[in-house]
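**Q** Based on the hints, put chain B in the right spot on chain A.
So the protein lines, in turn, are chains A and B. Numbering follows the numbering used here, with no gaps: position 403 of the first sequence is 1409. Numbering follows the numbering used here, with no gaps: position 244 of the second sequence is 1250.
It is worth saying that the hints were derived from the structure and are not from the lab. Glycine residues also receive a C-beta, built at the ideal position from the N, C-alpha and C atoms. There may be inaccurate statements among the hints.
[What the hints assert, rightly or not] Only some residues are given here: those of chain B computed to face chain A with a beta carbon under 7 Å:
{"#": "1", "residue": "H1046"}
{"#": "2", "residue": "T1084"}
{"#": "3", "residue": "L1108"}
{"#": "4", "residue": "G1111"}
{"#": "5", "residue": "W1240"}
{"#": "6", "residue": "Y1265"}
{"#": "7", "residue": "P1298"}
{"#": "8", "residue": "V1299"}
{"#": "9", "residue": "N1343"}
{"#": "10", "residue": "F1375"}
{"#": "11", "residue": "W1411"}
{"#": "12", "residue": "V1415"}
{"#": "13", "residue": "Y1416"}
{"#": "14", "residue": "F1417"}
{"#": "15", "residue": "K1435"}
{"#": "16", "residue": "S1441"}
Number of protein chains: 2
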Amino acid sequence: MNQVNLNLKVLIAGLASLALSACALTDMTKTETSSQVFPHKVPKEKPNIPLSAAMERMFEYSAPRPQDSELYSQFAYTELQGFDYNGGDGTITRRDPTRPILHNGKYYIWYTKRDTIVPPVGAMNAEKATDKIPSTDWDLAELWYATSTDGLNWQEQAVAVPRPPAPHPGHRSVATPDILVWEGKYYLYYQAFNEPSGLKGDHSVIAVSWADSPEGPWHATHKVAVKPGKKGDWDQNLIHDPMPIVYNGKIYMYFKSTYNKWPDNRKNYHVAHGLAIAEHPLDEFKKHPLNPVINSGHETFYFPFKSGVAGLIIRDGIERNTVQYAKDGVNFNIESNISLPPIAGGPFTPDAFTNTKDGRGVTWGISHFKTFGETRPYHSRLVRFDCDLSQDVHMPEFKSPNIWWKPDVYFTNMGLSPNLKKKVIGASKQAAKASK
Amino acid sequence: MNQVNLNLKVLIAGLASLALSACALTDMTKTETSSQVFPHKVPKEKPNIPLSAAMERMFEYSAPRPQDSELYSQFAYTELQGFDYNGGDGTITRRDPTRPILHNGKYYIWYTKRDTIVPPVGAMNAEKATDKIPSTDWDLAELWYATSTDGLNWQEQAVAVPRPPAPHPGHRSVATPDILVWEGKYYLYYQAFNEPSGLKGDHSVIAVSWADSPEGPWHATHKVAVKPGKKGDWDQNLIHDPMPIVYNGKIYMYFKSTYNKWPDNRKNYHVAHGLAIAEHPLDEFKKHPLNPVINSGHETFYFPFKSGVAGLIIRDGIERNTVQYAKDGVNFNIESNISLPPIAGGPFTPDAFTNTKDGRGVTWGISHFKTFGETRPYHSRLVRFDCDLSQDVHMPEFKSPNIWWKPDVYFTNMGLSPNLKKKVIGASKQAAKASK
Chain A
1007 MNQVNLNLKV
1017 LIAGLASLAL
1027 SACALTDMTK
1037 TETSSQVFPH
1047 KVPKEKPNIP
1057 LSAAMERMFE
1067 YSAPRPQDSE
1077 LYSQFAYTEL
1087 QGFDYNGGDG
1097 TITRRDPTRP
1107 ILHNGKYYIW
1117 YTKRDTIVPP
1127 VGAMNAEKAT
1137 DKIPSTDWDL
1147 AELWYATSTD
1157 GLNWQEQAVA
1167 VPRPPAPHPG
1177 HRSVATPDIL
1187 VWEGKYYLYY
1197 QAFNEPSGLK
1207 GDHSVIAVSW
1217 ADSPEGPWHA
1227 THKVAVKPGK
1237 KGDWDQNLIH
1247 DPMPIVYNGK
1257 IYMYFKSTYN
1267 KWPDNRKNYH
1277 VAHGLAIAEH
1287 PLDEFKKHPL
1297 NPVINSGHET
1307 FYFPFKSGVA
1317 GLIIRDGIER
1327 NTVQYAKDGV
1337 NFNIESNISL
1347 PPIAGGPFTP
1357 DAFTNTKDGR
1367 GVTWGISHFK
1377 TFGETRPYHS
1387 RLVRFDCDLS
1397 QDVHMPEFKS
1407 PNIWWKPDVY
1417 FTNMGLSPNL
1427 KKKVIGASKQ
1437 AAKASK
Chain B
1007 MNQVNLNLKV
1017 LIAGLASLAL
1027 SACALTDMTK
1037 TETSSQVFPH
1047 KVPKEKPNIP
1057 LSAAMERMFE
1067 YSAPRPQDSE
1077 LYSQFAYTEL
1087 QGFDYNGGDG
1097 TITRRDPTRP
1107 ILHNGKYYIW
1117 YTKRDTIVPP
1127 VGAMNAEKAT
1137 DKIPSTDWDL
1147 AELWYATSTD
1157 GLNWQEQAVA
1167 VPRPPAPHPG
1177 HRSVATPDIL
1187 VWEGKYYLYY
1197 QAFNEPSGLK
1207 GDHSVIAVSW
1217 ADSPEGPWHA
1227 THKVAVKPGK
1237 KGDWDQNLIH
1247 DPMPIVYNGK
1257 IYMYFKSTYN
1267 KWPDNRKNYH
1277 VAHGLAIAEH
1287 PLDEFKKHPL
1297 NPVINSGHET
1307 FYFPFKSGVA
1317 GLIIRDGIER
1327 NTVQYAKDGV
1337 NFNIESNISL
1347 PPIAGGPFTP
1357 DAFTNTKDGR
1367 GVTWGISHFK
1377 TFGETRPYHS
1387 RLVRFDCDLS
1397 QDVHMPEFKS
1407 PNIWWKPDVY
1417 FTNMGLSPNL
1427 KKKVIGASKQ
1437 AAKASK
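Here chain A stands alone, though its shape is the one from the complex (with noise of 0.2 Å):
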């Protein structure tokens, strides 16, 4: 065979093979077509094919798979240095820090701090508080600061708000402060109470206090920021957890309260989220009128992302552990669902203060742990975490919905206590019985 023919004979192959992958194309892409089954590579859009209800919704999320979405991430958790908390014997607890901001080289937070003689009592004990007995974790607190130029070790530096005097909001306690940073001036948003917490509920205002540097002196203005609806409001008891986010050129103020507490039962309540808004730090803010914009959640966090707010729901609620994004603040959507999150984080987030339009996300903050050792005495801990809820780094470490738990976590953390398991082993033992 010479040359020439051996040419011919692989160009003729050539050309069959390629007729027979084309038909083999053919055929496929009809009997997908005609078949509808859903294909093996996923489409980047919805595929005009009848769809279940679960994978409609796969395709409304702003990624299929938790991998790829910027709102998902673990999270990963450390100690800080520098906190005295003497010895844990529940006297000292810090807790609910501010997101941390930096400035001149140096990362600050606020944090409720409680220095009593005795750890607390309990909010079902709230009637043997009394100036120097604390009912709970955050009775009789102040806010504290401290300082650090990596995020770990801290150096507490001192009060930047006592509580005022009688009859000032706040002259009980001082807690669960914010930070905002406006107009090259600081504000502290913080729950205040008039009463040892327990004894109506955890009845408290948002008052606010502000300083020309995070350095302090703080000055209060003694003036309520954000208040408690009127009766018969969702939000009729109280104002928790102020985060200020600066949105669409204006203050947007999320916060917290609980409600259907009617009749008076706390066995009812509900957790769910507000939104209120002013021109202006110290103005009054103004409910949204779609409030609740979130009907779940205990101790989240807000942050500016991409055009709009994300929030981290934890805890509480029919929602609880997911992260949500509404692109216009105020109409939330479901992006995640998260293990573990941070309790009561305080997000790095500065562009939460720039009026930015294109919100970067979270890979730090801190946020605080109830009750070291096994029993109480009760107190709390401020700690770090980690994560990528960030547009700006791609940590695969981070990303994987896939979180192997040690066994000891499901047996020590969520045994069956003595009684429970009498009870439910009694029950399987009494059904085999009865199948005899």
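**A** This is chain B only, laid out in the frame that chain A set:
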């Protein structure tokens, strides 16, 4: 003043008070209506006022609070007694249990058992697997069974389904069974492997064996009950995790597949669940045209609930760690968000085989954990879980959405690796320096 006058005075005061109350009530109602603020008392149905997206959603769940939802639960875990794991050296694994069934006074479970001379070499080293050396934890496995009178103390009995001789499906490994009870006969469906899993993926088909009694003997049909889809279909590669439920007088088989390995790249893989239906256990199951019916999940389970089917969708996917419900068994919606749910759970749901129109739900079952101890050798153990996803019990112990995790869980299971710690703390430090 005589008695009549006094009574008159009381009457007048009473009427005045009543009138005042009526005024107050009228005012309040008027104010509420005009301002249209969401009320403190949660209405039973969606109120006819403008609502945020979140509050619109709240009324679409079967209950607006997890505490009140039959489809929300915490989970408690208890180690099983009676199984030997060779000191946890990785040579014995038990995993992927079936649902327990109750027969003549005893619970029966079947499960993947691997008893090999060495621990698995891992999917990444699958080419090192031999006839004696397993690739994955479920390679070179057989289906064994055990019995119990209380669901906690188990006696392992014997092999139920051994690997068939080549070339029958499963000659390399049979794993991940589930049970069906149908017209007095018993059917085990399971993954059948013809090569070490990991070589080309985790490719398996669903095979079936049957018996007249849970004690066996089991008859291998050597038939494929659920085949992978055609080339180009989402489920072209494999069918995993068969779970049959008798529903609408037919057998609804839920199964897992993975897709979007296109190009052949595990990095982009999706996990979803499909449904295949048969009129008789030994027919070939026909895929539902709306597949996939669940957009997430890995080692999930399904159970009849009320007039539909509920699923525990865990680990993988954008809707990971949710309980979902489909009133038609096909179109699933999210009902709740759950924490640390059972892995590969087999719930005790006797009504999965009764063609019920009012499924009762789940109070306990058997699931598995991977890798006991801090490091490899990799193996798995069976465990009991308890919960309240049931219409028949009301156990507040399982209903709180607010789960407290010991701080150790965060630090030891969710700490930063040394490298990652260096990276993230370094980034914080760098940002602080840049702000000077």
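**Q** Does each hint hold? Answer for all of them.
**A** Hints and how they fare:
1. Here the hint on H1046 of chain B is kept, as its CB sits about 5 Å from the closest CB of chain A, short of 7 Å.
2. Among the interface hints, the one on T1084 of chain B holds; its C-beta lies about 6 Å from the nearest C-beta in chain A, closer than the 7 Å criterion.
3. Hint status for L1108 of chain B: holds, given a least beta-carbon distance of 5 Å to chain A, under 7 Å.
4. A hinted interface residue such as G1111 of chain B counts as satisfied when its beta carbon comes closer than 7 Å to some beta carbon of chain A; here the least separation is about 4 Å, so the hint holds.
5. The beta carbon of W1240 of chain B is positioned within 7 Å of a beta carbon in chain A (closest approach about 4 Å), and the interface hint is therefore held.
6. Because the beta carbon of Y1265 of chain B sits about 5 Å from the nearest beta carbon in chain A, less than 7 Å, this interface hint is met.
7. This hint holds: P1298 of chain B has a C-beta 6 Å from the nearest C-beta of chain A, less than the 7 Å allowed.
8. Against a cut-off of 7 Å between C-beta atoms, the interface hint on V1299 of chain B holds, since the closest Cβ of chain A lies about 5 Å away.
9. Satisfaction of the interface hint for N1343 of chain B is found here, the shortest Cβ-Cβ separation to chain A being roughly 5 Å, below the 7 Å cut-off.
10. Hint status for F1375 of chain B relative to chain A: holds, with the closest Cβ pair at about 4 Å, below 7 Å.
11. Restraint check, W1411 of chain B versus chain A: the minimum CB separation of about 6 Å is within 7 Å; hint holds.
12. Interface restraint check: V1415 of chain B against chain A, minimum CB-CB distance 5 Å, threshold 7 Å, status holds.
13. Using the Cβ-Cβ criterion of 7 Å, the hint placing Y1416 of chain B at the interface with chain A is satisfied: the shortest such distance is roughly 4 Å.
14. Taken as an interface hint, F1417 of chain B checks out: its beta carbon lies about 6 Å from the nearest beta carbon of chain A, inside 7 Å.
15. Interface restraint check: K1435 of chain B against chain A, minimum CB-CB distance 4 Å, threshold 7 Å, status holds.
16. Taking 7 Å as the C-beta cut-off, the interface hint given for S1441 of chain B holds, the closest approach to chain A being about 5 Å.
In terms of the numbered hints stated before, the structure departs from none.
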